[in-house]
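Protein chains: 2
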Amino acid sequence: MPKIAEKLVLETRSNVSAPVLVVGSVAFDNIITPVMTGDRILGGAASFASLAASYFTPVRLVGVVGNDFEDAFIERFRNRGIDLEGLQVDESGPTFFWAGKYHENYNNRETLDTQLNVFEHFRPELPESYCRTPYLMLANIGPDLQIHVLDQLQGRCFVVADTMNLWINNKLDELLSLLKRVDCLAINDSEAIMLTGDRNIISAGWKLLELGPRMAIVKKGENGACLFHPDGYFALPAYPVVNLQDPTGAGDAFGGALAGYLAAVDNTDFKSIKQAMVYATAIASLTVEAFSCDRLESAGPALVEERYRELLQITAP
Amino acid sequence: MPKIAEKLVLETRSNVSAPVLVVGSVAFDNIITPVMTGDRILGGAASFASLAASYFTPVRLVGVVGNDFEDAFIERFRNRGIDLEGLQVDESGPTFFWAGKYHENYNNRETLDTQLNVFEHFRPELPESYCRTPYLMLANIGPDLQIHVLDQLQGRCFVVADTMNLWINNKLDELLSLLKRVDCLAINDSEAIMLTGDRNIISAGWKLLELGPRMAIVKKGENGACLFHPDGYFALPAYPVVNLQDPTGAGDAFGGALAGYLAAVDNTDFKSIKQAMVYATAIASLTVEAFSCDRLESAGPALVEERYRELLQITAP
Numbered sequence: 198m199p200k201i202a203e204k205l206v207l208e209t210r211s212n213v214s215a216p217v218l219v220v221g222s223v224a225f226d227n228i229i230t231p232v233m234t235g236d237r238i239l240g241g242a243a244s245f246a247s248l249a250a251s252y253f254t255p256v257r258l259v260g261v262v263g264n265d266f267e268d269a270f271i272e273r274f275r276n277r278g279i280d281l282e283g284l285q286v287d288e289s290g291p292t293f294f295w296a297g298k299y300h301e302n303y304n305n306r307e308t309l310d311t312q313l314n315v316f317e318h319f320r321p322e323l324p325e326s327y328c329r330t331p332y333l334m335l336a337n338i339g340p341d342l343q344i345h346v347l348d349q350l351q352g353r354c355f356v357v358a359d360t361m362n363l364w365i366n367n368k369l370d371e372l373l374s375l376l377k378r379v380d381c382l383a384i385n386d387s388e389a390i391m392l393t394g395d396r397n398i399i400s401a402g403w404k405l406l407e408l409g410p411r412m413a414i415v416k417k418g419e420n421g422a423c424l425f426h427p428d429g430y431f432a433l434p435a436y437p438v439v440n441l442q443d444p445t446g447a448g449d450a451f452g453g454a455l456a457g458y459l460a461a462v463d464n465t466d467f468k469s470i471k472q473a474m475v476y477a478t479a480i481a482s483l484t485v486e487a488f489s490c491d492r493l494e495s496a497g498p499a500l501v502e503e504r505y506r507e508l509l510q511i512t513a514p
Numbered sequence: 198m199p200k201i202a203e204k205l206v207l208e209t210r211s212n213v214s215a216p217v218l219v220v221g222s223v224a225f226d227n228i229i230t231p232v233m234t235g236d237r238i239l240g241g242a243a244s245f246a247s248l249a250a251s252y253f254t255p256v257r258l259v260g261v262v263g264n265d266f267e268d269a270f271i272e273r274f275r276n277r278g279i280d281l282e283g284l285q286v287d288e289s290g291p292t293f294f295w296a297g298k299y300h301e302n303y304n305n306r307e308t309l310d311t312q313l314n315v316f317e318h319f320r321p322e323l324p325e326s327y328c329r330t331p332y333l334m335l336a337n338i339g340p341d342l343q344i345h346v347l348d349q350l351q352g353r354c355f356v357v358a359d360t361m362n363l364w365i366n367n368k369l370d371e372l373l374s375l376l377k378r379v380d381c382l383a384i385n386d387s388e389a390i391m392l393t394g395d396r397n398i399i400s401a402g403w404k405l406l407e408l409g410p411r412m413a414i415v416k417k418g419e420n421g422a423c424l425f426h427p428d429g430y431f432a433l434p435a436y437p438v439v440n441l442q443d444p445t446g447a448g449d450a451f452g453g454a455l456a457g458y459l460a461a462v463d464n465t466d467f468k469s470i471k472q473a474m475v476y477a478t479a480i481a482s483l484t485v486e487a488f489s490c491d492r493l494e495s496a497g498p499a500l501v502e503e504r505y506r507e508l509l510q511i512t513a514p
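These protein sequences, in sequence, are chains A and B. Just so we're aligned: the first sequence equals residues 198 to 514 in the numbering used here. Just so we're aligned: the second sequence equals residues 198 to 514 in the numbering used here.
No lab work stands behind these hints, which were simulated from the structure alone. Glycine included, every Cβ here is placed at the ideal spot set by N, Cα and C. Accuracy of the hints is not assured; some may be wrong.
Unchecked claim - Calculated lysine-lysine pairs in the PhoX-like style (CA-CA distance at most 25 Å, straight line):
| no. | chain 1 | residue 1 | chain 2 | residue 2 |
| --- | --- | --- | --- | --- |
| 1 | A | LYS471 | B | LYS468 |
| 2 | B | LYS368 | B | LYS471 |
| 3 | B | LYS471 | A | LYS471 |
| 4 | B | LYS404 | B | LYS298 |
| 5 | A | LYS368 | A | LYS404 |
| 6 | B | LYS471 | A | LYS468 |
Claimed, not checked - Residues from chain A shown here face chain B by an in silico Cβ test under 7 Å; the list is partial:
| no. | residue |
| --- | --- |
| 7 | LEU205 |
| 8 | THR512 |
| 9 | PRO514 |
Said to hold, decoys possible - If you want the ones that stay clear, here's a sample from chain B, every Cβ over 12 Å from chain A, calculated:
| no. | residue |
| --- | --- |
| 10 | ASP236 |
| 11 | ASP268 |
| 12 | PHE294 |
| 13 | LYS298 |
| 14 | ASN366 |
| 15 | ASN397 |
| 16 | LEU406 |
| 17 | GLY409 |
| 18 | GLU419 |
| 19 | ALA432 |
| 20 | LEU441 |
| 21 | ALA499 |
Same shape as in the complex, but just chain A (with noise of 0.2 Å):
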């Protein structure tokens, strides 16, 4: 059984939080930086989408992992609440490796290598207990594969995706396809640009509803991120990070984070996409301040409700 882990205290229509159910990769990370090496580190968009939501609401997670998982790292998701129920453990093979190097502005990240090990044949089944859960954050992984956890969902459910410049590249049909099954398209700006074909991240921004999300969510990293909904658009500053020394996974983590928001408070209108970004940004700016997702498990409600009213701080004119 999962344990109860602590949550943030968010004001909601309702006293019940709706689940989330995050799906993606699980991995071991070597990371190079600047000022650091980490060796085989808990990494994977999963990872950090899933400890990132469980700061909101109960998290259902799917996703593969080898028979070189220890216990130890099955707990840290333990450890935050996360159900693992959807977790496969695939004993013939090794978990999914990927290691990179940040340059010295970690404004560029190199892959030093890639081994799929057992997530190359990962094909994510949600237990029937998962599949009415009414919000979905689809972190990276084929569109394929995305498609498939939407065919087995039954009843409304608010889906975010990300994605990455490989499906673009490789899988561009089935991510069209993907595409208009997605409420809320969140990737980086980079992508958006490849997406669209645009170089301005404002039209491209628009240009992506155009695709099928309903609302579309550009991050930029240190600087910020914005959103192109319906009702309108809205810009939001990065957290003004010092101690900046692991940029892996915040993408990820703000999108969990984002998801899992929404799911808490069971409410996705403008305003509450708002207040979720920025919740989303309070925990992506704790994530790259360690390695790996350590400082995102072991920040605490406290700290992140702390950088949210700073966020609202900062940003007010």
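Assemble the complex: chain A is given as a structure, and chain B must be docked to it using the hints.
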């Protein structure tokens, strides 16, 4: 006599706007962008800054033009009510000339030609009537010349200053002397990094204050601007410009609007600086929507006010 140009109606502490002095370059530019080419168009930091400031308060301009600066160009400043007693006309040669090219993504510009002309021996001399101006925008010129301006001022003056990579590389000692006498340094992100040697914009921004200025604003173009102030940090996204035509002068217009607003309300507290940044961002967004100062001049106060209100709206969670 300068004309009386229409200004924004602002809530001020008194009914009298303080004047602002703008010192810097007036130039002819040739600009090549991915969409258009402009030949011998009005440029120079002081042109953009003074025209921007003229939306808020009476402006006094100190600069130099050559024997090729036709009356029609002089008239453009007069039409915005700018006091030109301090604008030197040097008949010994042509006006400062700059040619530049923007590449496809507008992120980098290349200098194709620089002809200093009459600007080479320019010394900014303040007419007697300018010496007690309580607000000063030191647009980008050599720091030795900026110091020469400060040496002529009498009485209290709030000093906003800009600079550029050229002076950081070639006149660092003079620049560091200047900074000890500046209230608000307003420079772009790459200059902040050069000046502090810190690649993190947030810690770089705070380090700027250690060089002398009481506060610093870092301008980040399409990513907005941020303020480092004894009372706190403030981050403001850019206005979502879709119709980008020519980014030249946006930073100068920002600085001029900032100083102009502060002079108009005759207040430099934290709240006023933040408000000034919103107006400056509104003005900068208009500036880049056409070549040269064209849209800056033609926009009119109602459109500036509209953008200001839009900025408040799109940045409020």
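Exercise. Does B:GLU419 really sit off the interface, with its C-beta more than 12 Å from all C-beta atoms of chain A?
Worked result: Non-interface label on B:GLU419 violated, nearest chain A Cβ at 7 Å vs cutoff 12 Å.
Problem set entry | Least C-beta distance from B:ASN366 to chain A larger than 12 Å | Fine: 19 Å to the nearest Cβ keeps B:ASN366 off the interface.
Problem set entry | Nearest-CB test (12 Å) between chain A and B:GLY409 | Holds, because the least Cβ-Cβ distance between B:GLY409 and chain A comes to about 21 Å, which exceeds 12 Å.
For this session: Below or equal to 25 Å on CA atoms is what counts here, so check B:LYS368 against B:LYS471.
Result: Violated, at roughly 30 Å.
For this session: Please verify that hint: A:THR512, Cβ, nearest Cβ of chain B, below 7 Å or not.
Result: Interface hint status for A:THR512: holds (6 Å vs cutoff 7 Å).
Exercise. B:LYS298 clear of chain A by more than 12 Å, beta carbon to beta carbon?
Worked result: holds, 16 Å
Exercise. Quick one, is the A:LEU205 hint okay against chain B at 7 Å, beta carbons?
Worked result: With a minimum Cβ separation of about 16 Å from chain B (threshold 7 Å), the hint on A:LEU205 is violated.
Exercise. Taking the minimum C-beta separation from B:ASP268 to chain A, is that value above 12 Å?
Worked result: Non-interface label stands for B:ASP268: nearest chain A Cβ at 38 Å, farther than 12 Å.
Problem set entry | Pair hint outcome, B:LYS404 versus B:LYS298 [Cα-Cα no greater than 25 Å] | violated, 32 Å
Exercise. Are all C-beta atoms of chain A more than 12 Å from that of B:ALA499?
Worked result: holds, 20 Å
Exercise. Does the claim that B:ALA432 lies off the interface hold, with its Cβ farther than 12 Å from every Cβ of chain A?
Worked result: violated, 3 Å
Problem set entry | Interface restraint verdict for A:PRO514 against chain B (beta-carbon cut-off 7 Å) | holds, 4 Å
In the structure shown, a violation is registered for the earlier hints numbered 2, 4, 7, 15, 18, 19, 20, in ascending order.
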